[in-house]
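Chemist: In order, the protein sequences belong to chains A and B. My numbering numbers the first residue of the first sequence as 1 and each following residue consecutively. My numbering numbers the first residue of the second sequence as 1 and each following residue consecutively.
Check before you lean on any hint, since a few could be wrong.
As the list claims (entries may be wrong) - Covered stretches of chain A, as calculated for chain B (at least 3 residues, CB under 8 Å):
1) 24-34
2) 37-47
3) 104-110
Said to hold, decoys possible - With a straight-line cut-off of 16 Å between C-alpha atoms, the simulated EDC-like cross-links for lysine to aspartate or glutamate are:
4) B/K110 / B/D78
5) B/K42 / B/D83
6) B/K67 / B/E3
7) A/K41 / B/D7
8) B/K98 / A/E103
9) B/K93 / A/E103
10) B/K67 / B/E5
11) A/K20 / A/D88
12) B/K93 / B/E3
13) A/K66 / A/E87
14) A/K55 / A/D65
15) B/K98 / A/E59
Since the hints were derived computationally from the structure, they do not count as laboratory data. Built from N, CA and C at the ideal position, the CB exists for glycine as well.
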Amino acid sequence: GAVVSQHPSWVICKSGTSVKIECRSLDFQATTMFWYRQFPKQSLMLMATSNEGSKATYEQGVEKDKFLINHASLTLSTLTVTSAHPEDSSFYICSATGGQGTEQYFGPGTRLTVT
Amino acid sequence: QKEVEQDPGPLSVPEGAIVSLNCTYSNSAFQYFMWYRQYSRKGPELLMYTYSSGNKEDGRFTAQVDKSSKYISLFIRDSQPSDSATYLCAMSKAAGNKLTFGGGTRVLVKP
Numbered sequence: 001g002a003v004v005s006q007h008p009s010w011v012i013c014k015s016g017t018s019v020k021i022e023c024r025s026l027d028f029q030a031t032t033m034f035w036y037r038q039f040p041k042q043s044l045m046l047m048a049t050s051n052e053g054s055k056a057t058y059e060q061g062v063e064k065d066k067f068l069i070n071h072a073s074l075t076l077s078t079l080t081v082t083s084a085h086p087e088d089s090s091f092y093i094c095s096a097t098g099g100q101g102t103e104q105y106f107g108p109g110t111r112l113t114v115t
Numbered sequence: 001q002k003e004v005e006q007d008p009g010p011l012s013v014p015e016g017a018i019v020s021l022n023c024t025y026s027n028s029a030f031q032y033f034m035w036y037r038q039y040s041r042k043g044p045e046l047l048m049y050t051y052s053s054g055n056k057e058d059g060r061f062t063a064q065v066d067k068s069s070k071y072i073s074l075f076i077r078d079s080q081p082s083d084s085a086t087y088l089c090a091m092s093k094a095a096g097n098k099l100t101f102g103g104g105t106r107v108l109v110k111p
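Construct the entire structure; sequences and hints are all you get.
Modeler: In structure tokens, the structure reads:
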């Protein structure tokens with residue numbers, strides 16, 4: 001299957017600061033990337049969908065000014081959590097689709113802890 | 001009511017047994033059906049991908065989709081302790097579209 005990477009894998013930040021998470025498709029061009037959040041013992045919740053070169057589409061209830069998504073190239077999307085608060089602490093996972101198939105491949109996730 | 005329902009488990013089976021997992025859904029617009037495996041603190045790994053109704057086999061894994069009943073299944077034969085993980089069903093309305101996930105079933109395969 002295709003490979004999606006995320007960086008960093010774990011980040012700790014102080015309340016009020018901003019954190020950027022990168023998602024890269026390593027061996028295919030990702031026409032669409034998705035960002036999910038997962039709390040312990042819960043399933044994945046879609047936050048937003050991003051297509052290369054256009055604005056992201058956010059799910060209902062997700063603050064677009066707080067979770068900034070940029071999909072500047074076919075291999076890179078970034079999620080910036082602005083003015084982070086402890087309740088933003090979660091596991092953030094990206095996925096990408098494109099290339100030959102329509103399958104969605106997931107990155108390894110980024111664990112964010114806001115103190 | 002959630003769009004996709006999945007028993008959270010845990011489902012405990014002895015090594016070598018068949019693991020049977022399933023999901024039900026309410027939206028008849030779903031056309032693509034997937035099963036993912038997720039280990040703790042890792043991203044989901046795609047196991048099976050099917051379109052519309054029917055069966056698909058890949059190694060020890062068999063996926064079944066019954067659109068008339070809005071019911072999908074995953075069977076794992078000859079289960080191994082390394083199969084212990086959370087299994088997530090997911091579905092979408094169109095190719096490459098956003099996925100709607102079930103809540104996940106935690107599976108424990110005991111040696």
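Chemist: Next, verify each hint and record whether it holds.
Modeler: A quick look at each hint next to the structure:
Check result for the region 24-34 of chain A against chain B: holds, 3 residues qualifying (beta carbon to beta carbon below 8 Å, three or more required). Residues of the region 37-47 of chain A with a Cβ under 8 Å from some Cβ of chain B number 4, which satisfies the need for three, so the listed coverage holds. Figure legend: the region 104-110 of chain A, annotated as covered by chain B; annotation consistent (6 residues with Cβ-Cβ distances under 8 Å, at least 3 required). Using a Cα cut-off of 16 Å, the hinted pair B/K110 and B/D78 holds, with the two alpha carbons roughly 12 Å apart.
Our distance criterion of 16 Å between C-alpha atoms is met by B/K42 and B/D83, whose separation comes to about 14 Å. Restraint check: the Cα-Cα separation between B/K67 and B/E3 comes to about 14 Å, which is no more than 16 Å; the hinted pair holds. A C-alpha spacing of about 13 Å is found between A/K41 and B/D7, which places the hinted pair at or below 16 Å, so the restraint holds. A distance of roughly 11 Å separates the Cα atoms of B/K98 and A/E103; the hinted pair therefore holds under the 16 Å criterion.
Between B/K93 and A/E103 the alpha-carbon distance is near 13 Å, which keeps this suggested pair within the 16 Å criterion. For the hint linking B/K67 to B/E5, the alpha-carbon distance of about 15 Å falls within 16 Å, and the restraint holds. Of the pairs offered as hints, the one joining A/K20 and A/D88 holds, with about 13 Å between alpha carbons and a cut-off of 16 Å not exceeded. For the proposed pair B/K93 and B/E3, the alpha carbon gap of about 12 Å is at most 16 Å, so the pair holds.
Between A/K66 and A/E87 the CA atoms are separated by roughly 13 Å; this keeps the pair inside 16 Å, and the hint holds. A distance of roughly 12 Å separates the Cα atoms of A/K55 and A/D65; the hinted pair therefore holds under the 16 Å criterion. With a CA separation close to 11 Å, the supplied pair B/K98 and A/E59 stays within the 16 Å bound.
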